[in-house]
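Student: Chains as they are written, first to last, in numbering that gives the first Met the number 0: chain A, 0 to 501; chain B, 0 to 63.
Calculated from the structure, these hints are not laboratory results.
Please read all numbers here as calculations on a predicted model, not as lab measurements.
You may find that some hints are simply not true.
Mimicking DMTMM-like on lysine to aspartate or glutamate, the simulated pairs with C-alpha atoms at most 25 Å apart in a straight line are [stated by the list, open to error]: (1) Lys55(B) x Asp201(A); (2) Lys405(A) x Glu21(A); (3) Lys224(A) x Glu137(A); (4) Lys55(B) x Glu428(A); (5) Lys405(A) x Asp464(A); (6) Lys405(A) x Glu304(A); (7) Lys32(B) x Glu214(A); (8) Lys60(B) x Glu214(A); (9) Lys60(B) x Glu21(A); (10) Lys124(A) x Asp464(A); (11) Lys124(A) x Glu356(A); (12) Lys60(B) x Glu494(A).
From chain A, some residues computed to sit far from chain B (all C-beta separations above 12 Å) [said to hold, decoys possible]: (13) Asp94; (14) Glu99; (15) Tyr153; (16) Ala238; (17) Gly412; (18) Leu416; (19) Glu490; (20) Arg498.
No residue lacks a Cβ here, since even glycine has one placed at the ideal position from N, Cα and C.
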Amino acid sequence: MAIPKTLGIETEYGISHRGVDEPNPISASSVLISAYLSFSGQQVGTGSSTVNWDFIDESPGMDVRGYAPTGAMAPEIETHLVNAVLTNGARYYVDHAHPELSTPECADALSVVRFDRAAELIAQKSMEATREFLPPGEEIVLYKNNSDGKGNSYGCHENYLVDRATPFGQIVTHCTAHFVTRQIFTGAGKVGSEVAGASADDVSFQITQRADFFEEEVGLETTLKRPIINTRDEPHADARKYRRLHVIVGDANPSQVATFLKVGTTAILLALVEDQALPREILFAAPVAAMREVSTDLTLGQPLEMADGTSATALDIQWELYAACRSYIESHGTDNVGGDVAIDVLNRWESVLGSLESDPMVLAEQIDWVAKYRLLNGYRERHGIGWNDPRLRAMDIQYHDMRPEKSLSARVGLETLVDDAQARAAMSEPPDDTRAYFRGECLRRYASSVVAANWDSMVFDVGSDVLRRVPMMEPMRGTREHMGRLFDECETAAELLRRLGK
Amino acid sequence: MAEREHVQKSAPSKRDTKPVDAPAKSERGEEIKSELDDLLDEIDEVLETNAEEFVKSYIQKGGQ
């Protein structure tokens with residue numbers, strides 16, 4: 000049975016510390032985040048109001064298959080680095096030498112777009128705030144991309160709450176079909192290839208940043224031998240009822256339309272799998288190779304070899320998944336997939352597929368890879384240069400520059416789905432409709448009594464002998480509807496805990 | 000199989016609507032092309048000044 004699709008995304012930003020001889024990305028990330036916390040009144044250090052992340056329930060080495068294969072690398076948890084919970088319910092921390100921003104738990108795709116845009120604004124404020132701390136001539140710059148063009152990649156991960164009763168094998172099958180083919184609208188575009196042994200002449204421009212980095216079909220890793228389906232089993236919720244599907248194949252998208260479609264289509268597909276409504280299994284002969292074939296085929300016409308000996312294009316498969324999702328929504332409704340937002344997802348999905356089929360270039364204001372291709376190709380033609388010219392590689396990186404005055408993606412007229420006033424509010428206010436409301440409001444109202452927080456619990460010090468932990472194992476509880484009045488009636492955390500304990 | 004047939008029917012029907020939309024989209028395509036020219040006219044001002052050096056120095060540690 001489909002359950003409501005709580006969802007969110009986490010983005011590792013590229014970081015450059017300019018004006019220093021030997022930049023250290025870990026300390027630069029720490030300076031960046033500390034500067035933001037200081038700027039936003041959430042000072043760092045003990046005895047202040049910064050609320051640290053609580054690691055007690057974290058176990059990223061758990062594998063849904065019930066074992067961790069020998070030699071598999073469980074992600075490391077770096078507890079000593081800056082790691083903060085924000086009043087909008089988000090997490091802002093240093094991860095693998097990158098600053099990472101996780102959105103709070105959201106209840107629909109549009110909400111994800113709003114909080115992802117808020118994360119971009121937080122990233123911008125953070126860069127501004129570092130100017131106070133850095134000597135003249137130095138600057139910390141962030142990039143919302145997934146690769147340095149030299150074989151080093153960092154991720155933009157998605158998370159979806161799914162019913163534990165759904166057989167994981169079915170999720171693997173249907174999500175693989177989607178992840179390989181949704182690239183045609185989720186791709187952020189990239190000059191060249193980073194596949195080992197590929198020459199610069201093999202691939203001039205490809206659809207995604209990430210496809211080069213996937214080597215396995217299913218697995219636990221996120222930093223090496225990355226799998227199309229990640230098996231991390233860490234639900235951050237009641238593990239008897241829920242899984243959290245951790246999706247690592249996506250690109251970080253400056254385009255709001257791309258983010259909207261990326262998470263919106265995947266959420267509907269997962270609900271459909273939970274309700275066993277998929278018409279057939281779409282199996283590739285070689286999924287990892289198919290990822291790269293889709294990413295490097297700008298014609299979108301290359302047939303992919305299927306396991307049953309037939310062939311289909313990425314567009315064919317996307318049309319089939321779209322049609323299955325449309326008929327699923329018609330028969331099952333939208334309650335579990337974000338209400339009316341799901342209808343907007345379907346309509347946009349249909350129109351984008353139609354445009355990809357007739358003339359992808361008309362999507363230059365909606366889809367990142369098209370916007371980037373059009374800009375770079377236009378520049379290339381005007382200056383009569385080849386795809387391996389460093390100016391085009393520079394523009395590729397600069398498309399993702401988070402400084403508004405330098406960002407190329409900010410200049411190509413990308414359509415927005417949320418206005419910046421809404422996004423600015425989301426920098427400090429949590430979503431109303433998930434447990435992030437409880438987390439965020441506790442931090443907004445009772446910060447001095449909150450000792451630590453994480454996705455599924457909060458720890459309070461209300462002056463009694465013991466610290467009080469409040470578990471939040473249900474991602475859709477603790478909403479404004481459940482909690483709004485109680486918050487208004489409780490002036491202190493002690494009062495809130497007393498009322499909650501009744 | 001009934002569901003499968005439904006998919007096969009509905010997917011092509013989405014495509015059948017494309018030619019009707021096509022003229023409007025081409026116009027939009029022309030518009031986008033002229034906007035691109037304007038964009039390219041002004042873009043040199045914001046581009047990194049030493050592209051080669053910039054690309055070389057953009058090195059990231061691998062992440063997730």
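Student: Hint by hint, where does the structure go against what was stated? Just the numbers, ascending.
Tutor: As far as the earlier hints go, 3, 4, 5, 6, 7, 10, 11, 12, 13, 14, 15 and 17 are violated by this structure, in ascending order.
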